[in-house]
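Protein chains in written order, with my numbering: chain Z, 1 to 54; chain G, 1 to 185.
None of these hints come from the bench; they were simulated from the model. Just so we're clear, the structure is a prediction, and the values are computed from it rather than from any experiment. Every residue gets a Cβ at the ideal spot worked out from N, C-alpha and C, and that includes glycine. Any given hint might turn out to be false.
What the hints assert, rightly or not - Distance windows between CB atoms, simulated:
hint, chain 1, residue 1, chain 2, residue 2, range
1, Z, Asn53, G, His97, 49 to 57 Å
2, Z, Asp38, G, Ala151, 36 to 44 Å
3, Z, Leu41, G, Gln47, 21 to 29 Å
4, G, Arg45, Z, Leu36, 15 to 23 Å
5, G, Ala138, Z, Arg52, 18 to 26 Å
6, Z, Glu49, G, Ala151, 46 to 54 Å
7, G, Arg71, Z, Asp30, 43 to 51 Å
8, Z, Arg52, G, Lys40, 16 to 24 Å
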Amino acid sequence: MTETSGNAPKTRDDAEQDPILKRLQQVYNDVADEPLPDRLLDLLSKLDEAERNR
Amino acid sequence: MKDPFRDELIEALRSLRAFARTFHRDEARAEDLVQETMLKAWTKREQFQPGSNMKAWLFTILRNTYLSELRKKKREVEDADGSLVAGLAEKPKQDGHMAMRDFRNALTLLSDDQREALILVGASGFSYDEAAEICGVAAGTIKSRVSRARARIAELMGEDEADGSSVVGDDRSTTSAVDRGAQAI
Numbered sequence: 001m002t003e004t005s006g007n008a009p010k011t012r013d014d015a016e017q018d019p020i021l022k023r024l025q026q027v028y029n030d031v032a033d034e035p036l037p038d039r040l041l042d043l044l045s046k047l048d049e050a051e052r053n054r
Numbered sequence: 001m002k003d004p005f006r007d008e009l010i011e012a013l014r015s016l017r018a019f020a021r022t023f024h025r026d027e028a029r030a031e032d033l034v035q036e037t038m039l040k041a042w043t044k045r046e047q048f049q050p051g052s053n054m055k056a057w058l059f060t061i062l063r064n065t066y067l068s069e070l071r072k073k074k075r076e077v078e079d080a081d082g083s084l085v086a087g088l089a090e091k092p093k094q095d096g097h098m099a100m101r102d103f104r105n106a107l108t109l110l111s112d113d114q115r116e117a118l119i120l121v122g123a124s125g126f127s128y129d130e131a132a133e134i135c136g137v138a139a140g141t142i143k144s145r146v147s148r149a150r151a152r153i154a155e156l157m158g159e160d161e162a163d164g165s166s167v168v169g170d171d172r173s174t175t176s177a178v179d180r181g182a183q184a185i
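Can you build the whole structure from these sequences, using the hints too?
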């Protein structure tokens with residue numbers, strides 16, 4: 001994602017210098033880095049199928 | 001069959017799950033929120049402008065879904081399980097460090113507005129303008145929420161951390177406000 005305004009803190013790079021950002025991203029990425037749960041993928045397949053049958 | 005909408009949606013799902021967990025401590029409820037968001041996005045897919053920011057669009061839907069469920073629930077009962085205190089205090093298995101626990105607790109002590117702004121800009125990678133769009137406020141408001149959130153966390157974590165000398169992996173116990181907060185949770 002590109003920065004469109006001002007000096008918003010950037011993502012993983014800047015965080016090395018900033019303990020608050022570093023921890024914040026660790027908390028967030030604990031979840032974001034997980035593989036997508038099957039439930040979600042199943043739902044997506046169902047939506048796909050419904051879309052094809054429209 | 002090629003479906004760019006679907007591909008972009010999948011790409012945004014990981015972030016969306018992380019964002020959902022900042023609203024619900026309970027993992028199953030966070031997943032429900034993500035599913036609900038996906039269904040809504042799929043139903044409204046004609047409204048999505050190809051080439052615009054899919055992630056921001058999904059975050060907006062998720063946030064609105066959460067808020068409308070919250071309003072519905074508030075009419076029924078008070079927040080019975082305290083899920084308003086965000087999902088972040090929950091300590092995952094792999095994270096045994098005192099400093100990280102303090103940080104998670106500090107996050108829960110922020111106001112909802114401040115925490116949301118900090119997460120959107122500091123972790124989800126949105127610009128101030130994009131975060132402002134998602135929350136329906138001015139970019140300047142997001143900026144000031146982020147800076148107040150940072151100041152509050154620094155205060156809660158104790159000044160000895162301000163120089164960054166003790167980053168992650170610090171097992172020493174502190175007597176900061178975070179400890180008092182942790183007891184309240």
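Status of each hint after checking the structure:
A hinted range of 49 to 57 Å holds for the C-beta pair asparagine 53(Z) and histidine 97(G), which are about 50 Å apart. For aspartate 38(Z) and alanine 151(G), the hinted distance range of 36 to 44 Å is satisfied, since their beta carbons lie about 42 Å from each other. Between leucine 41(Z) and glutamine 47(G) the beta carbons are some 24 Å apart, a value that agrees with the proposed interval 21 to 29 Å. Range check, arginine 45(G) to leucine 36(Z): about 19 Å between beta-carbon atoms, so the 15 to 23 Å window is met.
At about 43 Å, the beta-carbon gap between alanine 138(G) and arginine 52(Z) misses the expected band of 18 to 26 Å. One distance hint, 46 to 54 Å for the beta-carbon pair glutamate 49(Z) and alanine 151(G), holds here, with the actual separation near 50 Å. The hinted range of 43 to 51 Å is not satisfied by arginine 71(G) and aspartate 30(Z), whose Cβ atoms lie roughly 29 Å apart. In this structure, arginine 52(Z) and lysine 40(G) meet the distance hint of 16 to 24 Å, their C-beta atoms being roughly 20 Å apart.
The structure fails to meet hints 5 and 7 from the earlier list, while all remaining hints are met.
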